[in-house]
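The numbers in our numbering rise by one with no breaks, and the one at position 183 of the sequence shown is 183.
In case anyone wonders, no lab produced these hints; they're calculated from the structure.
Cβ atoms here follow ideal geometry from the backbone N, Cα and C, with glycine treated the same way.
Don't take each hint at face value.
What the hints assert, rightly or not - Listed below are the simulated BS3-like cross-link pairs for lysine-lysine, each with C-alpha atoms no more than 30 Å apart in a straight line:
| hint | residue 1 | residue 2 |
| --- | --- | --- |
| 1 | Lys35 | Lys74 |
| 2 | Lys152 | Lys89 |
| 3 | Lys127 | Lys74 |
| 4 | Lys74 | Lys152 |
| 5 | Lys152 | Lys127 |
| 6 | Lys15 | Lys35 |
| 7 | Lys15 | Lys79 |
| 8 | Lys127 | Lys15 |
| 9 | Lys89 | Lys15 |
| 10 | Lys79 | Lys127 |
| 11 | Lys35 | Lys127 |
Said to hold, decoys possible - Pairwise CB distance ranges, derived in the manner of DEER restraints:
| hint | residue 1 | residue 2 | range |
| --- | --- | --- | --- |
| 12 | Glu202 | Arg60 | 42 to 48 Å |
| 13 | Arg52 | Lys127 | 25 to 31 Å |
| 14 | Gln29 | Gly119 | 18 to 24 Å |
| 15 | Lys74 | Glu182 | 43 to 49 Å |
| 16 | Gly151 | Gln29 | 44 to 50 Å |
| 17 | Asp69 | Ser194 | 53 to 59 Å |
| 18 | Trp83 | Ala206 | 16 to 22 Å |
| 19 | Gln91 | Arg195 | 55 to 61 Å |
| 20 | Thr45 | Lys127 | 20 to 26 Å |
| 21 | Arg60 | Ser169 | 45 to 51 Å |
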Amino acid sequence: MLNPRLTGRGAAARKYDLLTAMGAFALSQPKATQKTVLRLITLVTARYNWARDELAVGQREIARMWSVDERTVKREMAKLRGWGWLVVKRQGARGRVSEYGLDIDRILEDTRGIWAAVGPDFEYRMKGQPEPDSRVVPLPVRGEVPPPDIGKGDEWALAKAVLHAEDPSVYGSWIRALERGERAGGRLTLIAPSRFHAAYVETHLAGRVLAACQAVDDTVAQVVITA
Numbered sequence: 001m002l003n004p005r006l007t008g009r010g011a012a013a014r015k016y017d018l019l020t021a022m023g024a025f026a027l028s029q030p031k032a033t034q035k036t037v038l039r040l041i042t043l044v045t046a047r048y049n050w051a052r053d054e055l056a057v058g059q060r061e062i063a064r065m066w067s068v069d070e071r072t073v074k075r076e077m078a079k080l081r082g083w084g085w086l087v088v089k090r091q092g093a094r095g096r097v098s099e100y101g102l103d104i105d106r107i108l109e110d111t112r113g114i115w116a117a118v119g120p121d122f123e124y125r126m127k128g129q130p131e132p133d134s135r136v137v138p139l140p141v142r143g144e145v146p147p148p149d150i151g152k153g154d155e156w157a158l159a160k161a162v163l164h165a166e167d168p169s170v171y172g173s174w175i176r177a178l179e180r181g182e183r184a185g186g187r188l189t190l191i192a193p194s195r196f197h198a199a200y201v202e203t204h205l206a207g208r209v210l211a212a213c214q215a216v217d218d219t220v221a222q223v224v225i226t227a
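Sequences and hints are given; from them, build the entire structure.
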């Protein structure tokens, strides 16, 4: 199953997968549950500390974020605790807000039934299993793959550094050759050296590439791979 420790190597892609599982689960549920999960996803995306498993936000701030009153916040947070998705790590007292953590194992267990609907590749990845017919095999790269030059400072240069750190072999075989194309709003275009290269990245690595881009620039909403 997906590693519940969402830090370290490959963490960006695992976080993206967890949020995908939560979103897909929400969309399969009645409207009230959809709204609760959407609120949690928004809260996690904006304020959750992944490294420390810490969510410490006051009810007033949450109410502003969710466009609701504090009574609704109390009710929704209680519902999330009841599901087991949120766990109280430290109760608020004397002006300090309550500190919560995510029970990722429980979230994964509750969303398991919807993984296949996202796609077989997603289901195998969430289960920590290789795809039976997977051809995601890095091409051999001679010698050590040097990290990319981040001197340009644009989102793709920084994202390439993230992808290199996660898996130098895959980076050297498939990512390094991708060049930054145009950027239109939240849409970033990457140019591959061939149609095959573009199709391979689009099929097998698109989620990882998007997650890396969003890790360095959260305004990136879509990555298009073209030749």
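Right, here's what the structure says about each hint:
Of the pairs offered as hints, the one joining Lys35 and Lys74 holds, with about 15 Å between alpha carbons and a cut-off of 30 Å not exceeded. Pair hint Lys152 plus Lys89 does not hold up; C-alpha atoms about 42 Å apart against a cutoff of 30 Å. Proposed proximity of Lys127 and Lys74 is contradicted: the alpha carbons are some 34 Å apart, above 30 Å. At most 30 Å may separate the alpha-carbon atoms for a hinted pair to count; Lys74 and Lys152 exceed this at roughly 46 Å.
Of the supplied pair hints, the one linking Lys152 and Lys127 is violated, its CA atoms being roughly 38 Å apart against a limit of 30 Å. A C-alpha spacing of about 20 Å is found between Lys15 and Lys35, which places the hinted pair at or below 30 Å, so the restraint holds. The straight-line distance between the Cα atoms of Lys15 and Lys79 is roughly 23 Å, inside the 30 Å bound, and the hint therefore holds. Between Lys127 and Lys15 the alpha-carbon distance is near 14 Å, which keeps this suggested pair within the 30 Å criterion.
Between Lys89 and Lys15 the CA atoms are separated by roughly 21 Å; this keeps the pair inside 30 Å, and the hint holds. With a CA separation close to 27 Å, the supplied pair Lys79 and Lys127 stays within the 30 Å bound. For the hint pairing Lys35 with Lys127, the CA-to-CA distance comes to about 27 Å; that is within 30 Å, so the pair holds. A hinted range of 42 to 48 Å holds for the C-beta pair Glu202 and Arg60, which are about 44 Å apart.
Under the hint 25 to 31 Å, the C-beta atoms of Arg52 and Lys127, about 27 Å apart, fit the expected range. Between Gln29 and Gly119 the CB atoms are about 19 Å apart, so this pair conforms to the stated range of 18 to 24 Å. Between Lys74 and Glu182 the beta carbons are some 46 Å apart, a value that agrees with the proposed interval 43 to 49 Å. The beta-carbon spacing between Gly151 and Gln29, approximately 47 Å, falls within the hinted interval of 44 to 50 Å.
Here the CB-CB span from Asp69 to Ser194 is close to 56 Å, well matched to the stated 53 to 59 Å. Taking the beta carbon of each, Trp83 and Ala206 are about 31 Å apart, not inside 16 to 22 Å as hinted. Range check, Gln91 to Arg195: about 57 Å between beta-carbon atoms, so the 55 to 61 Å window is met. Look at Thr45 against Lys127: about 24 Å separates their beta carbons, and that is inside 20 to 26 Å.
In this structure the hint that Arg60 and Ser169 lie 45 to 51 Å apart at CB holds, the actual value being about 48 Å.
This entry does not satisfy hints 2, 3, 4, 5, 18, going by the numbered hints stated previously.
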